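Q: One letter stands for each residue in the lines below.
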Amino acid sequence: MSKQMMLEVTEVEPLTPLVTRFRFEHPEKAPLPIFSGGAHVVVEMPDGEMLRRNAYSLISDPNDASGYEIAVRREETGRGGSRYMHSEVTPGTRMRISVPTNLFALDPRARKHVLIAGGIGITPFLSHLRQLDLLQQPFELHYAARSRDEAAGLKLLPKSARIHVQISDEGNRMDLGEILTGQPIGTHVYVCGPEGLISAVLDVAARHGWPKGALHSEAFASPPPGKPFTVTLAKSGRTIEVSASQSLLEALEAAKVEIDWSCRGGACGRCETKVAACDGQIEHNDHWLSRDERAEQKKIMPCMSRFTGAALVLDL
Amino acid sequence: MPNTSFSPSIESRPTYAGLVPQGSAPSIMIADAEGAEAIMDLAERDAAVLDQAHLIYIPKGAKFGSKLAELGAKGYHEEASLDAAMTLINRLLGSAHMGTQLYLAGSEGMMGRVSALALSLGLPLDAIQMEHRGSIGRPMQCVHCKGVTQDVTTDPFTCSHCGLTLFVRDHFSRRLGVFQAVCVDAETPGVVPEIQEITA
Amino acid sequence: MTLQFNDETFRGDYSYFNTEHAIKRLPFPFDRDEYMYSVNIEAHPGGPKGSPFEFRFDVDEHYVSEMKDRAITLDDDPLRCQSLPHMELAGWDLLEIIMVSKAEDYPNLFTLHRDGNRWHWINRPLGIEQRFTFLDPTTLPCGPMEYITRQTQGDFALLHERDGNLWMDAGMVTSQADWSLDFDIGMNFFEWHAPVPKAKQMGVFDKALKFLLAMQQGQSYRRLNWTMTVNPRLDTSPENYHKWGPEKRTITPENVGRKQHLRIELQSFWRLPRSNAIAFPIRCYLACLEDICTQPKWGRRLHRVLRDIDPTLAEYKGFAVNQDMIVNYLSQFDDGAPTSPGIFPDA
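Protein chains in written order, with our numbering: chain A, 507 to 822; chain B, 20 to 219; chain C, 3 to 349.
Among the hints, erroneous ones may be present.
Simulated crosslink set (DMTMM-like; lysine to aspartate or glutamate; CA at most 20 angstroms straight-line) [what the hints assert, rightly or not]:
#	chain 1	residue 1	chain 2	residue 2
1	A	780	C	77
2	C	209	C	256
3	C	245	B	98
4	C	299	C	249
5	C	202	B	204
6	A	618	A	594
7	B	79	B	98
8	C	209	A	766
9	C	202	B	98
10	C	245	C	15
11	A	618	B	97
12	B	165	C	77
13	A	618	C	15
14	B	165	C	56
15	C	212	A	639
16	B	165	C	78
17	C	51	A	764
18	C	209	B	189
The following label-pair restraints were derived from C-beta to C-beta distances [to be verified]:
#	chain 1	residue 1	chain 2	residue 2	range
19	C	106	A	760	58 to 64 angstroms
20	A	745	B	42	35 to 41 angstroms
21	A	672	C	76	21 to 27 angstroms
22	B	59	A	644	54 to 60 angstroms
23	A	743	C	198	40 to 46 angstroms
24	B	180	C	227	32 to 38 angstroms
Hints are computed from structural coordinates only; laboratory data are not their basis.
If you're wondering where the values come from, they're calculated on a predicted model, not measured in any experiment.
Don't be surprised by glycine CBs; every beta carbon is placed ideally from N, CA and C.
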């Protein structure tokens, strides 16, 4: 759960045909809490009957308290959060924004930081770069995008010999083996982007003998839509309907059931909920529970996971 | 004789998982006394581990030097003491790349000191493999004078630096690579419990 | 509120004393007549006017003398203040929180002017005036954490969050209950708590860590902890154990009321913005048994708590060897009457 602020949208700028930058400021121009590189905020979107909350990385300068900026990629197959941002939000719109939280911080002990971004995964690195500049720490950034049109970060990246852009339309691909070989002791690696990129980096790193302690990743997962389902709350006996484009967490929140949460993308573990009874199949879409925990079906991550079957009773 | 099994203790007491070969990746191997046998066992499981390995051995009276020299490491270095070896170890760790494996085998004193150095150079803890063999003597730091007494096998013992009588704690600092020792008769000077041998 | 600062010592002649005002506002750590560990966390600041919970960083009559004692301890042993190199940004975060809070909460005592990164700090009680550039350590006489904690009561630990754990990577520790910063710096949450008996099995640390990791900036928290000390001594470090340890054996039935002290820790927890680290201040309040027993409810309660406490805890909290004398002394204040719930003394 997070403290929230009511902020006003002051700028809406398309960076590419698919990606738009939004800037938020305090309505009375009061300073906003400063943050650390890699932090995200959760934006509340009242979309008709649905109240959506999506997490977005902050791309603005962590030390600039005058405003927060995010970059949102329009996803046609999602539940509508990004579509809402692109179609409903204009300068002057007021929105509830959470205080920044950081689940993808730089490790300040690192002798060097290797940043690997794919597509919209460039966003957290934009605030990281400011932090690295302030702290004057060595880094290299590798940014892969399908086309220059899609490379939303290009407009926002500083010119630097340490930033390498690979556009696959132009025949350039990232050579992970090369990037992950010969790095000095004390280097840390950070990857953000599509699932495929993240697994590839972690896989190549493992094969090259990198210890897990030096590898960090952030996946931009948002809850997948699915068939509607019903859950029962053990303590009150209430039944909650989860609609096709609503996550279980959103349905619980709409029903005023308090659940702790943070990343809303299945990575941080905060919303872990005990299952009292399960007659059916939980669709675990998170990255938090272990394989054994998933098989046992005694726990569920409401932010991402869904259910099909006869009955799911939550210990709430 | 396999990896020593230490009895369950407090959270900060290190345990040693034993060495697992990681193929022919570049590696730095450091062993003292009976730790040599752990390296030999490792090589038996996968001879490729020696291909790009620098192997440093501090015999401390044990007789495994010639066997280790024959294993075919890229570089074999026999050193008179850990102190003497530290110059080379510093150089090898400092110039290593990420992906280099670190295998340590032998006494807690050697493993504590070398892993502390590796951590300070930025190597994450999960890149350091350790296996305990041989004497269970511990490196004990006197919390009063900060001096370290090596290979302590009794509890209590006398600080080799300031002379206080100290009791042995399981509380261990990875940063320093030592266990903590505290004055045993602070409240009742001269009244010291019976000396006992430390057990695993 | 005109605060008078005591001129007192925490070593040697031990001239430390509590005024009646200080005694009444003590953060007495027992809310019931028995004690066991708990994750007893509440939001902070927030509490009755005049209580140590009202402001973010409580300043009391012991402020000036406590800082003098800290300076002596640091001269004798500079290793009591250490910051691993990567924690400098966290040190700045801490400096900012303390300066901003104290200037707002005690405007008569502290002033902070900020012009961008050019800061001007005035500490009237300690007679300090400092102009410096925020984030530039060359403009301060020492690192930011050391600088500000030499002017703030209580010990401080700065915890770095990584690998789903918290690591004590910086600290100023001169009033600790018998643990060594030099030894523990670099340890994670479970490791530095390793010597605490029973708590691990109770799952107290798992719950506490989970809570701390979930903390966000903008909302801080506190809890109370306690130990016992003979004499109003702040420096009860393991390093000096062979110096203060013998004092533990000088308690007699005649002096126990004045020499045996309850040492209360008001711990607070803060998420820091730039470093994403967690600040963990441990503010220490000392009061002898005689002082505490001027409040009838506390006299009754303390007797019952210390009489019935788990023996392993009595040992760990540092008073097992004197427990009989302590309990006997306190029994005169316990008439068996019921005590009201909560920590505050009855009016």
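Q: Among the hints numbered above, which are violated by the structure, and what are their numbers in rising order?
A: Hints 1, 2, 3, 4, 5, 6, 9, 11, 13, 14, 15, 17, 18, 19, 20, 21 and 22 are the ones this structure does not satisfy, whereas the remaining hints hold.
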